[in-house]
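**Q** Each chain, written out:
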Amino acid sequence: AQSVAQPEDQVNVAEGNPLTVKCTYSVSGNPYLFWYVQYPNRGLQFLLKYITGDNLVKGSYGFEAEFNKSQTSFHLKKPSALVSDSALYFCAVRYRSGSARQLTFGSGTQLTVLP
Amino acid sequence: NAGVTQTPKFQVLKTGQSMTLQCAQDMNHEYMSWYRQDPGMGLRLIHYSVGAGITDQGEVPNGYNVSRSTTEDFPLRLLSAAPSQTSVYFCASSYSGQGTYNEQFFGPGTRLTVL
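Here the protein sequences come in this chain order: A and B.
For the first sequence, the working numbering assigns the number 1 to the initial residue and increments by one for each residue that follows.
For the second sequence, the working numbering assigns the number 1001 to the initial residue and increments by one for each residue that follows.
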């Protein structure tokens, strides 16, 4: 079975500092990995995804994520946080093969960027 | 494009009542899905569809029915509402085919309370 874990419910960071939101996954095969962001009272918005190739993936709003197969991690990063980055962030994983229409989400990490 | 639309935005039901949550997309996406979001649990898949006339169960299907008569619409029916179904419901869609790596587009959500 596939699963994804976000070990931190809450991450606080000062504006201008680098931010990291952690994600680890568990799948038996090769995964597709995604990050989504949810602003208050809104649906989820796609940020970036890892399919294959370069382990460093760049996405929307200056975010990037690094796929690390040996550590089964896909941490979300941004070099300089903005107050407007404050939101709920979800990591998600999907198998590459089989009946893998299902996307499994982590429990979410609330990011607060302090001015 | 309107993207993914959901109605209603808010709904209060009494235990035992039935209702239908509406979802529509205008992007000609083959794949559509319904999730529920509960605090600390991320998003959990209820039902999904890979095309008109084809539906399947997700992680938490009990108490819900779906049908897909057109590409555009994917309604979710609550047969007999229970307090445990109090949640925020999100509809999502994406391109299909080999694209299990395609990102999903989410609607704004329906906040349902069952008394």
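Calculated directly from the structure, the hints in this document are not laboratory data.
Don't be surprised by glycine CBs; every beta carbon is placed ideally from N, CA and C.
Each hint should be verified, as a subset may be incorrect.
Said to hold, decoys possible - Keeping only pairs whose Cα atoms sit at most 35 angstroms apart, straight-line, the calculated DSBU-like set for lysine-lysine is:
id : chain 1 : residue 1 : chain 2 : residue 2
1  : B       : K1009     : A       : K49
2  : B       : K1009     : A       : K77
3  : A       : K22       : B       : K1009
4  : B       : K1009     : A       : K58
Claimed, not checked - Simulated coverage check for chain B against chain A, where a stretch passes if three residues somewhere in it have a Cβ under 8 angstroms from a Cβ of chain A:
id : region
5  : 1036 to 1042
6  : 1101 to 1111
**Q** Now tell me, hint by hint, if it's right for this structure.
**A** Structure-based check of all given hints:
no., hint, result
1, K1009/B / K49/A, "29 angstroms, holds"
2, K1009/B / K77/A, "33 angstroms, holds"
3, K22/A / K1009/B, "32 angstroms, holds"
4, K1009/B / K58/A, "33 angstroms, holds"
5, 1036 to 1042, "holds (count 3)"
6, 1101 to 1111, "holds (count 8)"
Violated hints are absent here; each numbered hint is respected by the structure.
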